[in-house]
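Visitor: Residue numbers (the working numbering), protein chains in the order written: chain A, 13 to 158; chain B, 13 to 158; chain C, 13 to 158.
It is possible that some hints are incorrect.
The list makes no distinction among identical chains, and a pair is therefore deemed to hold if it is satisfied within one copy or across any two copies.
Here are the simulated EDC-like cross-link-like pairs (lysine to aspartate or glutamate), alpha carbons at most 20 Å apart as the crow flies [to be verified]:
#1 14 x 126
#2 135 x 104
#3 77 x 35
#4 25 x 43
#5 77 x 29
#6 25 x 95
#7 18 x 126
#8 14 x 104
#9 18 x 86
#10 38 x 158
#11 135 x 92
#12 14 x 158
#13 26 x 43
#14 77 x 32
#15 26 x 86
#16 26 x 158
#17 38 x 104
#18 18 x 158
#19 38 x 86
Derived by calculation from the structure, the hints in this document are not laboratory data.
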Amino acid sequence: MKNALKKLQLETKKQFEIIDISEQIKKVVAESGITTGIAVIFCPHTTAAIRLNHNENLLMQDVMKALYRLVPLDISYSHDLFEVRQNIAPNERSNGHAHVKAFLLGSSENLIVENGLLLLGGKQSVFFVELDGGRSREVMVKIIGE
Amino acid sequence: MKNALKKLQLETKKQFEIIDISEQIKKVVAESGITTGIAVIFCPHTTAAIRLNHNENLLMQDVMKALYRLVPLDISYSHDLFEVRQNIAPNERSNGHAHVKAFLLGSSENLIVENGLLLLGGKQSVFFVELDGGRSREVMVKIIGE
Amino acid sequence: MKNALKKLQLETKKQFEIIDISEQIKKVVAESGITTGIAVIFCPHTTAAIRLNHNENLLMQDVMKALYRLVPLDISYSHDLFEVRQNIAPNERSNGHAHVKAFLLGSSENLIVENGLLLLGGKQSVFFVELDGGRSREVMVKIIGE
């Protein structure tokens with residue numbers, strides 16, 4: 013069994029941002045020397061998510077509009093009641109909405125490695141979904157196989 | 013380490029359709045000869061998803077109604093503004109809604125293989141969720157283990 | 013290749029409950045002796061889910077409010093029309109809403125094991141999300157690696 017772990021570094025700029033990390037993941041696969049196996053794409057943050065879809069600019073606007081319609085900014089989140097919460101960091105953000113969005117989306121996706129390549133559909137990209145940026149972020153790519 | 017990859021072929025007939033692929037996955041597990049490991053169920057499409065739940069007809073209607081209520085057909089999606097978008101295929105569909113639904117749901121689920129069998133709960137089925145059919149579709153099943 | 017499977021037992025008390033199972037999973041990792049690999053956290057139930065996020069009480073209220081707003085209790089679910097459904101268990105519950113919530117959230121998440129430890133973000137916990145409690149529940153933890 014072979015395995016590889018790589019940490020991708022990202023700098024997000026906006027509150028909501030969808031970043032295509034497919035090429036970086038393909039590079040990790042190529043460098044791993046693993047020809048057949050599984051790749052776990054893991055987000056270690058609680059206000060961001062990993063998703064797969066079509067990298068098309070206008071569609072990314074639709075996704076943003078849907079997420080803000082389903083989990084609006086302008087309603088009250090208990091997580092943002094700093095007078096009530098305990099153990100609050102000095103630089104705490106009002107980001108209850110972003111945690112809820114991340115909870116709905118999910119923190120990991122699994123990809124298949126075959127013939128040394130990432131097995132993705134023709135229109136498929138892997139996205140890091142920033143829900144509370146700008147921040148310094150990481151994505152973990154773990155591959156196991158042969 | 014052993015590993016197996018199998019492509020399931022599906023023909024969907026309706027715009028929204030939930031297809032139980034549990035039996036096909038169990039067959040892949042049996043044929044793989046792998047007795048203990050992990051099975052990744054991966055959807056290579058951007059307007060479809062993989063989900064697990066109870067295969068009950070009326071419930072599938074509830075799921076459909078919820079998805080269409082949360083991501084309606086009758087609002088505007090920028091992805092469908094063909095006058096503005098670039099690189100559009102001649103047979104492009106107005107399927108912004110389906111991409112957004114797929115983004116919310118997710119492209120992969122992971123199952124456990126133990127004693128040569130798929131470890132599923134008693135009421136659990138694995139579903140291919142068609143959100144923009146009818147189409148020819150594929151599902152990838154990758155198993156690694158021993 | 014090494015692999016380990018462990019079944020966690022949970023007793024939920026309320027209809028909606030978010031239970032932090034991070035410590036139990038860390039114990040499974042430590043006992044497995046696996047130093048590098050993948051851990052699949054799998055929910056074998058159709059009215060519960062696995063999610064990762066920040067373990068903060070007020071945030072858990074926000075998540076609950078969002079899920080009940082998106083998938084309300086007080087609308088009609090066909091799954092609960094017991095006069096129409098077939099093969100109904102004597103103790104069947106009116107839980108259409110819980111199935112739909114579970115369908116939206118997802119049944120598995122994947123974690124990375126490195127240096128014998130679970131690789132989680134500093135604010136990240138693994139949650140079992142009960143959507144139709146109280147019940148006796150199980151979570152499967154499967155680890156493969158070396």
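Visitor: Confirm or reject each hint.
Guide: Do the hints match the structure? See the list:
{"no.": "1", "hint": "14 x 126", "in the structure": "both (14 Å within a copy, 14 Å between copies)"}
{"no.": "2", "hint": "135 x 104", "in the structure": "between (38 Å within a copy, 13 Å between copies)"}
{"no.": "3", "hint": "77 x 35", "in the structure": "neither (26 Å within a copy, 36 Å between copies)"}
{"no.": "4", "hint": "25 x 43", "in the structure": "neither (29 Å within a copy, 41 Å between copies)"}
{"no.": "5", "hint": "77 x 29", "in the structure": "within (12 Å within a copy, 25 Å between copies)"}
{"no.": "6", "hint": "25 x 95", "in the structure": "neither (29 Å within a copy, 29 Å between copies)"}
{"no.": "7", "hint": "18 x 126", "in the structure": "both (19 Å within a copy, 11 Å between copies)"}
{"no.": "8", "hint": "14 x 104", "in the structure": "neither (41 Å within a copy, 41 Å between copies)"}
{"no.": "9", "hint": "18 x 86", "in the structure": "neither (38 Å within a copy, 43 Å between copies)"}
{"no.": "10", "hint": "38 x 158", "in the structure": "within (16 Å within a copy, 24 Å between copies)"}
{"no.": "11", "hint": "135 x 92", "in the structure": "between (38 Å within a copy, 16 Å between copies)"}
{"no.": "12", "hint": "14 x 158", "in the structure": "both (5 Å within a copy, 9 Å between copies)"}
{"no.": "13", "hint": "26 x 43", "in the structure": "neither (31 Å within a copy, 42 Å between copies)"}
{"no.": "14", "hint": "77 x 32", "in the structure": "within (18 Å within a copy, 31 Å between copies)"}
{"no.": "15", "hint": "26 x 86", "in the structure": "within (18 Å within a copy, 29 Å between copies)"}
{"no.": "16", "hint": "26 x 158", "in the structure": "neither (39 Å within a copy, 40 Å between copies)"}
{"no.": "17", "hint": "38 x 104", "in the structure": "neither (35 Å within a copy, 28 Å between copies)"}
{"no.": "18", "hint": "18 x 158", "in the structure": "both (17 Å within a copy, 17 Å between copies)"}
{"no.": "19", "hint": "38 x 86", "in the structure": "neither (39 Å within a copy, 38 Å between copies)"}
The structure does not agree with the numbered hints 3, 4, 6, 8, 9, 13, 16, 17, 19 stated previously, though it agrees with the rest.
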